[in-house]
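With chain B fixed as given, assemble chain L onto it according to the hints.
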Amino acid sequence: MSATLTEPTSAAESILAPARASKARGGASRALWVLPPLVLAAGFFLYPLALVVKQSFVDKNERVGLDVWRDVLNSPSFGDALWNTVKIAVLSTLGCLVVGFFLALVLSFVPFPGARAVGRIVDTVLAFPSFLIALAFTFLYGTAGVVNAAADKLGLGEPLVGFLYSPWCVVLAEITFYTPFVMRPLLAAFALVPRDRLDVAASLGAGPLRVIGQVLLPEAWPALAAGGSLTLLLTLNEFGIVLFIGAKDVTTLPMLVHAKGAVTFDYPGACVVAVVEVALSLTLYAVYRFVFSRTGAGRAGLVA
Amino acid sequence: MLVWSRSGRALVWALFALVFAPLVLAPLAILGIAAFAGDWNSVLPASWTSENIREATAGTNHDSLVVSIETALGASLIAIVVGTWAAIAARTAPRWLRRLTDAVFHLPVAVPSVVVGLGMLVAFSDGPILLNGTKWIVIAAHAVLVVTFAYSTVSAGLDRTDAAFADVAASLGASAARVLLRVRLPMLLPSITAAASLAIALSMGEVGATIMVYPAEWRTLPVSVFTLTDRGKVLLGSAVTVVLLVATLVVLTIVGLLKGRVEERKRRR
Chain B
0 MSATLTEPTS AAESILAPAR ASKARGGASR ALWVLPPLVL AAGFFLYPLA LVVKQSFVDK
60 NERVGLDVWR DVLNSPSFGD ALWNTVKIAV LSTLGCLVVG FFLALVLSFV PFPGARAVGR
120 IVDTVLAFPS FLIALAFTFL YGTAGVVNAA ADKLGLGEPL VGFLYSPWCV VLAEITFYTP
180 FVMRPLLAAF ALVPRDRLDV AASLGAGPLR VIGQVLLPEA WPALAAGGSL TLLLTLNEFG
240 IVLFIGAKDV TTLPMLVHAK GAVTFDYPGA CVVAVVEVAL SLTLYAVYRF VFSRTGAGRA
300 GLVA
Chain L
0 MLVWSRSGRA LVWALFALVF APLVLAPLAI LGIAAFAGDW NSVLPASWTS ENIREATAGT
60 NHDSLVVSIE TALGASLIAI VVGTWAAIAA RTAPRWLRRL TDAVFHLPVA VPSVVVGLGM
120 LVAFSDGPIL LNGTKWIVIA AHAVLVVTFA YSTVSAGLDR TDAAFADVAA SLGASAARVL
180 LRVRLPMLLP SITAAASLAI ALSMGEVGAT IMVYPAEWRT LPVSVFTLTD RGKVLLGSAV
240 TVVLLVATLV VLTIVGLLKG RVEERKRRR
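The listed protein sequences derive, respectively, from chains B and L. The opening residue of the first sequence carries number 0 in numbering that gives the first Met the number 0; numbering runs sequentially from there. The opening residue of the second sequence carries number 0 in numbering that gives the first Met the number 0; numbering runs sequentially from there.
So here's chain L without its partners, still in its complex pose:
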């Protein structure tokens, strides 16, 4: 207990509400209101409509939604495989190599997303690997941006799991592949699903790199929101944002359910 008097506590709480409400609650509430607003020229909308939400899930916006989900799933899958592989392999590598891997996989967090996008444009616009103009440049940029979170989450998970289990399994004659598949990966499952959720959430909301590299036929939802608001269609833009948040939540819930199913199978075995 920090504040003992009743009036003092009331004062602190009032101050808390005064800071928290406009800073955190108001922006979230206002988007929800805007998504369903028909005509809005005063404090509150004069009329309500679901027309914006309908338009936000139809036509080009629908295509963008599919593109966003495909990009998020593809980039996250690549990031999880590469990140988990690097984290596990770095664990048993010589010290200098481990530090190098650590540095390389932590670096993308310090590089602005627009610069990652610019690098993709400069590197893959001509030459042996031509990605510019295809959807792969978007997926590659997203994978680079989220792989660092996959790597650090799985590394943290490895710190918490006991390496003796893998050693014992190996000493009992299990092959390296079997140790990996039956002991190490199942033990890392919580970190891997956590990393997947984080990667998907980040990828679904990514703007910086995407806006640098996206080809016309592979426009993600956040870029669509920007083009809409840029043209002054802010209410439709909010509706699309709400659709984006709901879609992200749905995808994350499905990932959570899959995780639950796998864990249940493990328990029954």
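So here's chain B without its partners, still in its complex pose:
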């Protein structure tokens, strides 16, 4: 009996064995096949990045040293930019987590007719360029924008004068754009929660808030952590939204890199800011990969 059971597998093994053996033999040649893409990545990505680090230590007069670093780190614009970047990224991420959790919760567990269409709209926003949101915000919240005009007509004055050029507007724009990045893994995680569990909890007398806290939140943590850290990473690096809103007082590190690198052509200065920015986001990225590998967020629908 056992012989007839093992026979097919061993037959399959004997068919596959030569292929596997040839695979093992070609170890060196197989390693060679990875080289062309790796060389390209090294040449067009790692090498420029290394040059950015090197350039940050060489000032405009070709002198090597820490002069550029000292100048940039001591300038008030750098401190402001660093503080703005972190502040905007943290506030936006918190906003995305709250709004994303609420929207995903309603779409999953208090569905209404058309909830699927809403889900599809959210997916579409993911593929849009971020500056689109900033552009829309100038029409909505600008001094002559829709909200101010409407409030003026209603006799409320113009409540949002200057809002467009405040950090809060950037935060709101980033929440709008990045909330889908939190919702997507959450919706995937919620889809795996058995509906019976909610019904049982409710039949035992738990109110909605208790069900959320004790049944849903434990299921949502991994997705929240993965979505949140990805959002934090992306908001730290966000450029399009800040550029298009164009508030003079709201400078972030990527904006500073752009101003120094492409406007005043101060490459060494731009490189210093770039190194700080990359160090910041790489640290966060390491945390993200750690969370990602621990919680299997890949299954929750996040790529990257």
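In short, the hints are calculated from the structure, not lab data. A portion of the hints provided could be inaccurate.
Some chain L residues near chain B, calculated using beta-carbon distances under 7 Å [claimed, not checked]:
1) Trp84
2) Val103
3) Val114
4) Val206
Values in this document were obtained by computation on a predicted structure and should not be read as measured data. C-beta atoms are modelled at their ideal positions from N, C-alpha and C, and glycine is treated no differently.
Chain L in isolation, oriented as in the chain B frame:
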């Protein structure tokens, strides 16, 4: 079911609408309105016109549109070839090399696009490879930014496909090239087209790296939108943005149709 009472559900839905409408719907709707607005000083435009859309598809904006599409297709093609190659080759490489490839190809997602652009400027402004001032610096920057998505999408696809098919084909005597072309790539086709769509969408909307490196004669559409809005021509800027979105959708639809054609051919065979 989370909320059981009818009034409770109505309350939750009202709150949902209150958050969703201004946050997601209003910005999208407003751009569409602005693209066709003639004169806009109050809550709604006082007059409507298609003049902006006409101007957004003519002259320099038309050139920018062509540049954007060429850049997106070129960069995505490079990214797909390099990313797919790396993903497939890393699969059978020794463990340490596989991890290295994984790390290198995932890294661009953590580097701000402006820094990728700055790196291109620093590396390719002089020396053996001179790209600064040519369209290739834009295409190279875009390819670097999207290759990470191509790599991770195809890697995820490889995780889902059964490696035994390739092994069986090889054991039946198919050459390595034949296994690649007739078994592995066709099985990966869904991931490859998904990666291509994502790459094209991202490249069409890219600003950060482009604005750092673009030469005057190779200005992509998002950069044109920025120059327009920066000069106060916001209505024309919205019209150009709408053109950009429509063009992206058209290109993605064509990619989808091509995928359908290939799959149909596969089925008929």
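Here is how each hint holds up against the structure:
no., hint, in the structure
1, Trp84, "5 Å, holds"
2, Val103, "5 Å, holds"
3, Val114, "4 Å, holds"
4, Val206, "5 Å, holds"
Against the hints set out earlier in the document, no violation occurs for any number.
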